[in-house]
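Participant: Please build the complete structure, drawing on both the sequences and the hints.
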Amino acid sequence: MSHVPVLPMPPVLPGSLNANRRLSQWLSIHSDGTVSVRTGKVELGQGIITALAQIVSTELDVSVVRIRMQAASTAAGPNEGVTAGSLSVQDSGSALRQVCAEARAIYLQAAAARLQLASRDLSVLDVVDGSIRIAGKDEEIASYWALADDALLEREATGLVAPKAASGQVPSVLRLDIPDKVSGRPRFIHDMTLPGMVYGRAMHPPSPGAVLVGVDLAAVQALPGVLAVLRDGSFLGVVADDEYLAVRAMNKLAAVAQWREADALPDMNDMPAFLRAQPVDTSVVGEKPPAAEAAVAAHSFQAAYSRPFLAHASIAPSCALALYEPASLEVWTHSQGIYNLRADLALVLDMPADSITMRHVEGAGSYGHNGADDVACDAALLARAVPGRPVKLQWTREDELGCSPFGAAMSVELKAGVDADGRITNWQHDVWSTGHSMRPGRSKIPVLLAATSLEKPFEQQIAINMPLANGGGAERNAVPLYDFAQWRAMSHRTLTMPIRTSSLRSLGAHCNVFAIESFMDEIAASLGIDPLEFRLRHLTDPRGRAVLEAAAQMANWSIRQTTEGQGMGIAFARYKNTGAWCAVVALIDAGHEICVKKLWIAVDVGRVVNADGVVNQIEGGAIQTVSWVLKEQVQFDRTRILSNSWESYPILRFSEVPAVEVQVLDRPEQKSIGAGEATHGPVAAAIANAVFDALGVRVRNLPLSTDNITQAALAE
26 MSHVPVLPMP PVLPGSLNAN RRLSQWLSIH SDGTVSVRTG KVELGQGIIT ALAQIVSTEL
86 DVSVVRIRMQ AASTAAGPNE GVTAGSLSVQ DSGSALRQVC AEARAIYLQA AAARLQLASR
146 DLSVLDVVDG SIRIAGKDEE IASYWALADD ALLEREATGL VAPKAASGQV PSVLRLDIPD
206 KVSGRPRFIH DMTLPGMVYG RAMHPPSPGA VLVGVDLAAV QALPGVLAVL RDGSFLGVVA
266 DDEYLAVRAM NKLAAVAQWR EADALPDMND MPAFLRAQPV DTSVVGEKPP AAEAAVAAHS
326 FQAAYSRPFL AHASIAPSCA LALYEPASLE VWTHSQGIYN LRADLALVLD MPADSITMRH
386 VEGAGSYGHN GADDVACDAA LLARAVPGRP VKLQWTREDE LGCSPFGAAM SVELKAGVDA
446 DGRITNWQHD VWSTGHSMRP GRSKIPVLLA ATSLEKPFEQ QIAINMPLAN GGGAERNAVP
506 LYDFAQWRAM SHRTLTMPIR TSSLRSLGAH CNVFAIESFM DEIAASLGID PLEFRLRHLT
566 DPRGRAVLEA AAQMANWSIR QTTEGQGMGI AFARYKNTGA WCAVVALIDA GHEICVKKLW
626 IAVDVGRVVN ADGVVNQIEG GAIQTVSWVL KEQVQFDRTR ILSNSWESYP ILRFSEVPAV
686 EVQVLDRPEQ KSIGAGEATH GPVAAAIANA VFDALGVRVR NLPLSTDNIT QAALAE
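If you're matching positions, the sequence shown starts at 26 in my numbering and goes up one per residue.
Please note that a few of the clues may not be correct.
Said to hold, decoys possible - Label-pair restraints from in silico Cβ distances:
no.	residue 1	residue 2	range
1	98	732	32 to 40 Å
2	328	202	39 to 47 Å
3	480	88	54 to 62 Å
4	732	636	38 to 46 Å
These are computed hints drawn from the structure, not numbers from a lab.
Where a beta carbon is used, it is the ideal one built from N, C-alpha and C, also for glycine.
Facilitator: Written as structure tokens, this is what we have:
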């Protein structure tokens with residue numbers, strides 16, 4: 026009887042390397058003294074190309090000025106999915122660290138073989154900026170550049186070479202992308218030009234679900250400089266010789282288009298009730314059952330919290346370029362997931378995915394699933410109308426604020442029992458929300474905005490929540506970090522979606538942490554216990570305790586003093602319960618409107634790659650959260666989105682930015698974890714807790730506007 030041989034399983038490799046195992050996918054070393062690095066993670070302004078370049082520099086022992094970070098492309102480089110979840114350093118960084126460790130060993134072996142040192146222990150060889158030497162000697166015996174050969178890296182990673190151990194905090198490398206941006210050199214997709222380029226504009230329905238019933242295309246086609254006018258179902262677009270003519274044609278198209286609209290939107294002022302009234306998909310997020318003899322609760326608490334729909338509010342409207350040929354399509358995009366987007370474009374255009382090439386170019390503003398994917402589809406549809414001519418299509422401000430997917434509105438209800446000793450004995454967390462993920466490439470039905478408007482429309486999809494193992498969605502951070510004797514967390518995803526929602530920075534963590542940390546403060550205040558002490562008595566995680574104590578020390582919490590009308594609040598979370606630990610103390614002034622004066626933030630991201638980059642991420646996330654908490658709310662009536670300008674959707678001004686002090690707790694012995702979304706929950710809760718400290722009013726519904734504060738005061 027013959028036996029089929031059992032092949033050994035390949036080793037599990039770190040991060041994204043496990044699915045992209047060939048070294049040459051990631052790295053090339055050239056004879057001109059440079060190193061090309063390819064990654065599937067994209068630069069969104071978070072500084073990831075700098076952090077990854079620094080990892081390569083450290084592991085290969087070459088100067089960072091030699092490193093050429095290549096933009097993600099489906100034509101070359103690894104498929105790392107979507108740049109999201111604060112996972113780039115964790116997934117791409119750990120992969121590149123291993124790739125470069127193995128590449129360094131391969132080149133040392135090549136040097137030893139060439140110099141007939143094959144029997145010598147490679148540990149006697151050293152590398153200084155790509156120059157290979159005998160350790161302790163200055164004479165170069167070989168170099169990466171002299172040995173450069175693409176064939177050396179045409180192999181799979183083995184996982185057998187250990188990357189370098191951390192040796193103290195590495196000095197920060199200056200951001201590679203900033204010089205172009207501050208000097209105004211072309212870098213963004215909005216700056217791109219291609220030979221023979223023409224300009225497009227797409228007209229989107231004036232309200233969700235609106236249907237085009239008539240349009241005079243001939244009147245638009247007759248305008249000077251118009252190359253094409255496209256109608257495909259309710260999708261409308263124009264292509265013209267230059268941008269001015271495209272805008273002029275678009276305005277004419279808007280004037281002659283007739284739409285049928287419906288009152289299909291909910292009551293903006295009562296979203297929690299709407300969410301709770303919808304059919305839902307209910308799931309248990311997690312639970313800790315009671316012990317055999319559960320403690321008796323001496324006090325019971327219950328409260329409900331909410332946040333509104335939030336816009337991405339990217340500073341620059343989304344933009345894309347597309348070049349269509351009869352058998353191919355090339356798209357330049359600032360999408361966070363070029364492979365995923367390619368899959369949806371293939372469905373919309375009925376083309377093989379491998380005939381489409383996606384190239385990432387930086388955009389000016391991205392905090393999740395904004396309009397980048399949708400505008401790429403618009404550009405591709407219009408490019409098909411003018412084969413051989415690259416089409417550049419930029420959305421308007423009204424498009425960006427009114428047509429991009431929004432961050433989901435949420436409602437959270439919390440219940441807790443506390444024993445006579447002031448310890449929480451049971452905890453119940455329920456969250457109602459539409460789904461938080463509707464990114465392309467995750468089903469056989471495209472989710473792009475134009476897809477549902479075509480003559481042969483694709484079915485409108487509703488947002489989902491990713492599995493908790495992948496970070497979750499509405500339930501992100503619903504599982505408590507505190508040591509409660511008994512707890513249960515439930516998610517209720519609505520099965521209706523009148524307003525399109527998808528991933529917005531931190532997803533459900535923003536509202537869940539706002540609710541949890543506000544509720545902890547409410548209970549502490551009712552029991553007469555200091556909020557910091559109350560948290561620490563329920564927290565055994567040493568890294569969580571460390572950031573809480575560090576933030577409190579930074580703000581002089583134990584001896585804090587505020588003047589009349591001022592307040593201080595504290596909050597804490599670990600993002601996704603698997604990412605960075607972050608604690609925040611907020612100082613606010615409660616005058617005519619709430620003003621955040623200062624934030625003290627302590628963060629633990631494990632092994633720090635670039636300390637300045639971590640601080641940048643924490644500061645940026647904190648400032649964005651202040652804007653969300655104080656100002657931002659999508660406005661709509663029963664038919665249309667109304668907040669489609671900076672006047673109707675205001676964001677934080679420079680004059681309103683608080684002072685932010687950040688302390689990074691470096692843990693060189695721990696793995697690196699992301700910092701980009703760690704602040705959004707704790708900052709929101711710390712501000713709300715500071716408002717209560719100042720005014721004695723508990724505001725449970727975001728934003729912390731004058732109207733919501735007044736309603737909260739009247740309800741008490």
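Participant: All hints are to be evaluated individually against the structure, with a verdict given for each.
Facilitator: Hints, verified against the model:
Taking 32 to 40 Å as the suggested C-beta distance range, the pair residue 98 and residue 732 does not conform, at roughly 48 Å. In this structure, residue 328 and residue 202 meet the distance hint of 39 to 47 Å, their C-beta atoms being roughly 43 Å apart. Hint check: residue 480 to residue 88, Cβ distance near 56 Å, so the stated range 54 to 62 Å holds. Distance hint check: the CB atoms of residue 732 and residue 636 are about 41 Å apart, consistent with the given range 38 to 46 Å.
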